[in-house]
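There are 2 protein chains.
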Amino acid sequence: MSAVPQPGHVDEIPERSGIAFPLRTGQRLTVIDPKGCQVSDLLAYNVDDTDEVISSGRTLDYAETIRLTTGHLLYSNRSRVMLEIVEDTVGLHDFLLTPCSYETFDHFYPDLPRHRGCFGNLAEALEPYGISSAQIPIAFNCFMNVPIDAASGKLSVLPPISKAGDFITFQAHMDLVIGLTACSAPASNGGSFKPIHYRVD
Amino acid sequence: MSAVPQPGHVDEIPERSGIAFPLRTGQRLTVIDPKGCQVSDLLAYNVDDTDEVISSGRTLDYAETIRLTTGHLLYSNRSRVMLEIVEDTVGLHDFLLTPCSYETFDHFYPDLPRHRGCFGNLAEALEPYGISSAQIPIAFNCFMNVPIDAASGKLSVLPPISKAGDFITFQAHMDLVIGLTACSAPASNGGSFKPIHYRVD
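So the protein lines, in turn, are chains Y and U. Going by my numbering, the first residue of the first sequence is number 1, and it counts up by one from there. Going by my numbering, the first residue of the second sequence is number 1, and it counts up by one from there.
Possibly wrong hints are sitting among the right ones.
To be verified - The calculated SDA-like cross-link candidates involving lysine to any residue, where the alpha carbons are at most 20 Å apart (straight line), are:
| # | chain 1 | residue 1 | chain 2 | residue 2 |
| --- | --- | --- | --- | --- |
| 1 | U | K154 | Y | P147 |
| 2 | U | K154 | Y | V90 |
| 3 | U | K154 | U | A187 |
| 4 | U | K163 | U | F193 |
| 5 | Y | K154 | U | K35 |
| 6 | U | K154 | Y | I148 |
| 7 | U | K35 | U | Y62 |
| 8 | Y | K154 | U | I148 |
| 9 | Y | K154 | U | A187 |
| 10 | Y | K154 | U | S152 |
| 11 | Y | K154 | U | L73 |
| 12 | U | K154 | Y | T70 |
| 13 | U | K154 | Y | E64 |
| 14 | U | K154 | Y | I85 |
| 15 | Y | K163 | Y | G190 |
| 16 | Y | K154 | U | V90 |
| 17 | U | K154 | Y | A63 |
| 18 | U | K163 | U | I85 |
| 19 | U | K154 | Y | Y62 |
| 20 | U | K154 | Y | T69 |
| 21 | Y | K154 | U | P147 |
| 22 | Y | K154 | Y | L112 |
| 23 | Y | K154 | U | A150 |
| 24 | Y | K194 | Y | L112 |
| 25 | Y | K154 | U | D149 |
| 26 | U | K154 | Y | A151 |
| 27 | U | K154 | Y | L92 |
| 28 | Y | K154 | U | K163 |
| 29 | U | K154 | Y | K194 |
Stated by the list, open to error - Residues of chain Y clear of chain U, computed beta-carbon distances all greater than 12 Å:
| # | residue |
| --- | --- |
| 30 | G26 |
| 31 | V53 |
| 32 | S56 |
| 33 | E87 |
| 34 | Y129 |
| 35 | P159 |
| 36 | K163 |
| 37 | P186 |
| 38 | S192 |
| 39 | F193 |
| 40 | P195 |
If you're looking for bench data, these hints aren't it; they were derived computationally from the structure. Glycine included, every Cβ here is placed at the ideal spot set by N, Cα and C.
Work out the full structure, taking the sequences as your base and the hints as a guide.
Okay, here's the thing in structure tokens:
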């Protein structure tokens, strides 16, 4: 699904789906968890050259932390700032894992019906912008709760701590295409699928 | 630099440089730290379709740990196994950060001469295989020591704990193009630049 958001209007991404839309330099994108305990995978591409894409590896290197929140900058694979987190009522997000897919469902939920997941939803939403599924990297997973045990390195996917109405706001530092989902994987959101709301200002 | 390794022969990657070569299904690649306290960035691509590339996000998701060692599988962006770690005398590597580049030198070492880093070295070495710099993701950084503080999320780049002669061995699960470097960033290797040795069996 591709759309041009109406500034100031809150739009809904239905459960287990995704969307893509342009975000211009200076505009703000607010991702809202309307019911609480839900995850939204966010991707960003340079609208003028979609080979430039949001990069977890560059961002974590520059930020020197995996805990990104207000004031942190999200970088592209070319080390340019794409987005700045300007407000964040949760403070706990993930930037280590790739969007869920048919294959991750096979691995983690062999007894559940397969689902194309955020990966498939993002691939379809981004296709009209000339972006292929091979260009989908690690997403910035808003509200996703992935603690790491420092001693063992073990990571866990726990329910988000976000409450109904919690949100995170990004400001664009370049003209972007944004991909955004309401997550499809049971473990990411405490087992119940919910929508995500977003607003562009 | 592109080359076809001679099986059983130890080759050297000179300090601050990189190489690319094919690795066939079933072959083993051993990456050796000949002097100790050095880092080697490793990338892998499906030789028949270079849109399929090693994926930190998929690998960490399936392994449920950031501490990868003997027995762990390294996955592609299509959730297929590319490499298996079959021997590892160190047990401490990084799979969170992207290869160093001109821009990371500008950021972290503004007083040092710029260097294209592992990113530039890999881009040149992979170009003959039709792989562009936009296709360079987070590398598996052999011997790189990046502890994370569990409470704050803060990450640090510390000198590797590898001693002279330490090594890690990977077995290929598909026909691959491998990119491999001797790291160029002072903080990654305790401040002195050294070669990396490798062997294909």
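Failing hints, ascending?
-> Hint check: 5, 7, 9, 22, 28, 29, 31, 32 fail, others pass.
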